[in-house]
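> Take a look at the letters that make up each chain.
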Amino acid sequence: MIQLFNVTKDYEREQSALNDITLQIDKGEFVYLTGPSGAGKSTLLKLICCAERPTRGQILMDGRNITSLGDRAIPYLRRNLGIVFQDFKLLTRRTVFENVAFPLEVQGRRRMEISKKVYQALKQVGLEHRLSHYPLQLSGGEQQRVAVARALVVDPLVLLADEPTGNLDPDVTLDIMELFKGANARGTTIVMATHDRGLIWQYPRRVLTLEAGRLSGDQKP
Amino acid sequence: MIGQLPYFTVRALRNMRNSPVLSAAAIFTVGVALALLAFFVIAVLNVQRLTASWAAELAIVAYLEQPPDAAGLNRLLSEIRAYPEVAEVRHISRQEAFQRFQKRLGSDAGLLEGLGADFLPASLEIRLKPEQHAQTAAVAERLSRNRALGELHYGREWLERFEAFLSLLRTLAAGLGGFLILAALVIVANTIKLTLYARQDELEAMTMVGATALFIKLPYLIEGALQGLLGGLLALLVSFAAYFLVLRESLGSILLLTGIDTIHFLPGLWQAAIVLAGALIGVLGSLLALRKFVRFCQG
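If you're matching them up, the sequences are chains A and B in order. The first sequence begins at 1 in the working numbering and counts up by one. The second sequence begins at 1001 in the working numbering and counts up by one.
I should point out that these hints are in silico values taken from the structure, not numbers from a laboratory. Any given hint might turn out to be false.
As the list claims (entries may be wrong) - Here are the in silico distance ranges between beta carbons for each label pair:
#1 A:D171 with B:A1183: 49 to 59 Å
#2 B:V1010 with A:Q137: 51 to 61 Å
#3 A:Q120 with B:F1179: 50 to 60 Å
#4 B:A1024 with A:Q24: 51 to 61 Å
#5 A:N167 with B:F1179: 44 to 54 Å
#6 B:F1179 with A:R64: 48 to 58 Å
#7 A:S139 with B:A1183: 46 to 56 Å
#8 B:L1214 with A:G140: 30 to 40 Å
#9 B:L1214 with A:G126: 33 to 43 Å
#10 A:Q24 with B:A1183: 30 to 40 Å
#11 A:S139 with B:N1018: 32 to 42 Å
#12 A:E211 with B:A1024: 17 to 27 Å
#13 A:Q137 with B:L1214: 30 to 40 Å
#14 B:L1214 with A:Q120: 42 to 52 Å
What the hints assert, rightly or not - Quick list of in silico lysine-lysine cross-link-like pairs, DSSO-like style, CA-CA up to 27 Å:
#15 A:K89 with A:K181
#16 A:K89 with B:K1129
#17 A:K181 with A:K117
#18 A:K123 with A:K181
#19 A:K117 with A:K89
#20 B:K1292 with A:K89
None of the values given here were measured: they were computed from a predicted structure. Where is the CB? At the ideal position from N, CA and C, for every residue including glycine.
Bound-form chain A, shown alone:
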């Protein structure tokens, strides 16, 4: 599903954020990206969703080279991705329903279809009773569940999650992990950046370890 060939990312006046990374993630896999802060986990996710371009190397998604994708093509690539951030990135002026509906509106789906899918996605994350609330009226865990619903509502091929449980307490973290597990069971490839070793131990999956921009480990459970 995702292939990286000798990918390097340099920033000006800094050492490489990523250095000569080659890896492959298969369709339907659940992969952890781990490593200390500054190891390059977020950079790798940004390269996969084309938020940044690699300095060298090639990245293939579902067999398509996305390395030099133009600005016009990037939105269409992202419609196959679900992205979850540590800080949720919800639209605070919109209700829970509108937040989850947004990726479908962007794709020009019909209103009836949007309503149905949003309700299903919110039911999946257990927030169907909160659909007319605004994000800031919800707890951190609930906000992240809304963000997961927003990512999953489009049935993405790949879900990218950057420290999705970093701001959450342990009980809520388990809720989020159960949601990811469910999505993965339905066929979504999941790439999750985390430095929570306990979580990896609790939900054992393939672990890619990054250290100072280099791939230092690739362990399968």
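Use these hints to put chain B onto chain A, whose structure you have.
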């Protein structure tokens, strides 16, 4: 995308509702700039109308020192009527000139007692077609070559001075209008930029869920257009109020014009142009602001 226009319009209206102060500032700026422009246009159009009517009344007077016989006069009249610029030629006989002078003197007509009715020369009054008044000097030059005609009189200097004034007024209106429109454009762009700064998270979230650049920009362009449109309408309202309360009565004295009875408001086409100019300023301002904000990929 066009099918989604109501959706974008609702979002634009919601954006405006969420930032009422900024929206009002943009509308007000466009309104003031276009209202000032409208005042100038009202002045220019009225002065232009006045010169056109004066020019239409303006005649070249050619004096006939040796009045020709009837056949010669008819020949002369048909010759001048054949000029493409000429609308009408009238022969003013000595008697008619005397009677006119008498009438003009009114109660002082007694001064003419003892003078014969033929002490004034006969003349030809030549009126040009309204669209040809700029050719007055050229026609006069051609007439001066005709030996049957004596001295020629027309308000050349006066007309030229007035046209110079009109052209100055036009240049001023264009310069000031250009400056005001530019200022309004910058202010609208900055207003939209401020709202974009406030919504940077939203823009980022939009790009991450697969929104195209047009999808992200369109509500802001519509917002700009709506603000500009409202600014244009405000300008019309303000300029109409100013026209109704002040300009209608006093524009003539402000511009030191006499003989101007009614000051007209902007014609319909100009009113539409002012409103459309507002919308255009809004759209361009938004485009300027959006240039740097919607980015899908860094480096």
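> Run every hint past the structure and note whether it holds.
Status of each hint after checking the structure:
At roughly 57 Å, the beta carbons of D171 (chain A) and A1183 (chain B) sit within the given window of 49 to 59 Å. Under the hint 51 to 61 Å, the C-beta atoms of V1010 (chain B) and Q137 (chain A), about 23 Å apart, miss the expected range. About 57 Å separates the C-beta atoms of Q120 (chain A) and F1179 (chain B), a value consistent with the hinted range of 50 to 60 Å. At roughly 56 Å, the beta-carbon separation of A1024 (chain B) and Q24 (chain A) lies within the given 51 to 61 Å, and the hint holds.
Judged by the Cβ atoms, the range 44 to 54 Å given for N167 (chain A) and F1179 (chain B) holds: they are separated by roughly 51 Å. Distance hint for F1179 (chain B) and R64 (chain A): a CB-CB separation of about 51 Å, consistent with the stated range 48 to 58 Å. Distance hint check for S139 (chain A) and A1183 (chain B): the Cβ-Cβ separation is about 48 Å, which falls inside the suggested range of 46 to 56 Å. Distance hint check for L1214 (chain B) and G140 (chain A): the Cβ-Cβ separation is about 34 Å, which falls inside the suggested range of 30 to 40 Å.
For L1214 (chain B) and G126 (chain A), the Cβ-Cβ distance of about 36 Å falls inside the hinted range of 33 to 43 Å, so the restraint holds. Range check, Q24 (chain A) to A1183 (chain B): Cβ separation about 58 Å, and the 30 to 40 Å hint is violated. Between S139 (chain A) and N1018 (chain B) the C-beta distance comes to about 25 Å, which lies outside the given range of 32 to 42 Å. Taken as a hint, the range 17 to 27 Å is violated for the pair E211 (chain A) and A1024 (chain B), whose Cβ atoms sit roughly 55 Å apart.
The given range of 30 to 40 Å is respected by Q137 (chain A) and L1214 (chain B), whose C-beta atoms sit roughly 32 Å from each other. Taking 42 to 52 Å as the suggested C-beta distance range, the pair L1214 (chain B) and Q120 (chain A) does not conform, at roughly 29 Å. Between the alpha carbons of K89 (chain A) and K181 (chain A) the distance comes to roughly 22 Å, so the proposed pair stays at or under 27 Å and holds. Proximity of K89 (chain A) to K1129 (chain B) is assessed by CA-CA distance (about 72 Å); at most 27 Å being required, the pair is judged violated.
A distance of roughly 19 Å separates the Cα atoms of K181 (chain A) and K117 (chain A); the hinted pair therefore holds under the 27 Å criterion. Between K123 (chain A) and K181 (chain A) the CA atoms are separated by roughly 16 Å; this keeps the pair inside 27 Å, and the hint holds. This hinted pair checks out: K117 (chain A) and K89 (chain A) have alpha carbons roughly 20 Å apart, not beyond 27 Å. Restraint check: the Cα-Cα separation between K1292 (chain B) and K89 (chain A) comes to about 21 Å, which is no more than 27 Å; the hinted pair holds.
Hint violations for this structure: numbers 2, 10, 11, 12, 14, 16, all remaining hints satisfied.
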